[in-house]
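Asks: Letter by letter, the chains look like this.
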Amino acid sequence: MAETATEFVHAADRAGVRRTRNARRRKTEQVFRVVGMAATMIGLVALAALLIDLAITGLPRLSYAFLTNFPSRRAAQAGILAAWVGSLLVILVTALIAVPIGVAAGIYLEEYAPRNRWTDAIEINVSNLAGVPSIIYGLLALGLFVYGLGTGRSIFTAGLTLALLILPVIIVATREAIRAVPASLREAALGLGATDWQVTRDHVLPAAMPGVLTGVIIGISRALGETAPLITIGALTFIAFLPTPPLQAQFPFVSLQWLSDPFTVLPIQAFNWVSRPGNDFASNAAAASIVLLVITLGLNGVAIWLRARLRKNLKW
Amino acid sequence: MLDGAFRAANGAGESALALAKIAADGINVHYGAKQALENVSVQIPSNAVTAFIGPSGCGKSTFLRCINRMNDTIASCRVTGHLTIDGHDIYGADVDPVELRSRVGMVFQKPNPFPKSIFDNVAYGPRIHGLATNKADMEQIVAASLQKAGLWAEVKDRLGDPAMGLSGGQQQRLCIARAIAVDPEIILMDEPCSALDPIATARIEELIDDLRQSYCLVIVTHSFAQAARVSQRTAFFHLGLLVEEGTTEQIFSAPRDTRTQDYITGRFG
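Just so you know, the protein sequences line up as chains A and B, in that order.
For the first sequence, this note's numbering assigns the number 791 to the initial residue and increments by one for each residue that follows.
For the second sequence, this note's numbering assigns the number 2 to the initial residue and increments by one for each residue that follows.
Just so you know, these hints were derived from the structure itself, not from any lab.
Nothing here was measured: the structure is a model prediction, and the numbers come from that model.
Backbone N, C-alpha and C fix where the C-beta goes; we use that ideal spot for every residue, glycine too.
Where hints are given, some of them may not hold.
Far from chain B, by Cβ distances over 10 Å, these chain A residues were calculated [said to hold, decoys possible]:
#, residue
1, 849
2, 938
3, 975
4, 981
5, 992
6, 1083
7, 1095
Computed list of lysine to aspartate or glutamate pairs in DMTMM-like fashion (alpha-carbon distance at most 25 Å, straight line) [unchecked claim]:
#, chain 1, residue 1, chain 2, residue 2
8, A, 1102, B, 138
9, B, 111, B, 121
10, A, 1102, B, 158
11, A, 1102, B, 155
12, B, 111, A, 992
13, B, 35, A, 1070
14, B, 111, A, 977
15, B, 111, A, 913
16, B, 149, A, 977
17, B, 111, B, 138
18, B, 111, B, 155
19, B, 111, A, 910
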């Protein structure tokens, strides 16, 4: 009898404890909800403020003439023709070098290389390289390409430098995408008598392509915004001419001269204008930044569209 | 009822053994330091279904994968002993595993069609081996393979559709058609029905019985009822050893080894 009463009291105690604990847990939950929301908003609001400020300062300066004029001492007449053409050409060279090499390295490391201490070391170092400050790549390129190999302060050197910079990103993304391809797909093809290369080419790569493209997008976006390594290798800040056109009227009609021409790129042009006194050049810089943003988003858009198309081709 | 089936099948099992297609002699398989198969010797006849049964992890799939050298793809795996097909050592220095696998087809546990169209799934094997000289040729091979796999009637109007849209049972029959398209002599099946419902399983089992006429079939299953239904010969594996091997009737009605008996009567596994 007495025992039953004690137990009853204990049960009531437990219910009380549970109630107070639950109230406290709910409060913790509320607090985290608010903190999380605040953290998200800080990021979003700051970004939005930045974009709005950029648009207010830069949009009035945007015009057809701004895109087709060379830089000038007079802010109102200055344009970004050399800069955006330079940016596109440098990125073209970067992509042509970095994508095939990065994807090939990723495939080799994932599909062919033996697993041992060497490949482990390579794996760790490739990931580390992705985090090396870009100025280091600039210094390396200055010593190795500009002075060592004599490639000059050219579009080719710039493309090569940025390619080195984004190679780790592409290699890591390629490896991750390949690793995500189910083993059953490889076995299916091997079981039919496909060679390792046929398995890779016909099945693994197509299945991994969307992931590879994501890596390419991230890499290209990073390269487009880089300034430091290009200044290091001697990009010019004032260019009043375009590189040699790749297509010529005379035989042999195609010219690679543009690769060894001097250049500038959009972020360098913007940086140069920002450091000048006066509001007029500041709005030029903002307008150039908007164009850079549009090019980056445009290239990303193309890559995302490509990725969606590739996914549709895969009939999962 | 089972007895009748055994007697009918028994004849095929006994007479076929005279012409062993696959002969294994003292096969050992190691994964690193761990031994997965110990001294396995067995003869497998043509134009018959041989079933490997046994509890999970007993080495039956490992042995199956020795026959088309799929174990080569696992870096830590080491195979010793003699394994011959038509008297020719398939682990010999002159044997190209890629060429071997075009003669020894494989169907896997989980249906694994390529993420391509139904047509391209079946056409892939003939394409890489150059079996078709033109488009009409290829269409003929694809149609014939799908017919042999009993899938033609269901897919003939939608060969361009994604293979992943088929049901599980249809996908597995597509995988069988894909294997047949390369014109192999041997077809290995690694628990081909374990991911399928009973109706799809029954269809695959019927198909296996049809295929027996033209191929040497080896099927791994942990359902001994399935082994009893589809096979003429049965080999029982346990803990990396081939415990007992013989006609399916003998294994199921008069097992010599107590371990086989215990497994078949459901005492373990």
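Asks: Out of the numbered hints, which ones does the structure contradict?
Replies: Going through the list in order, the structure violates hints 3, 4, 5, 8, 13, 15, 17, 19 and respects the others.
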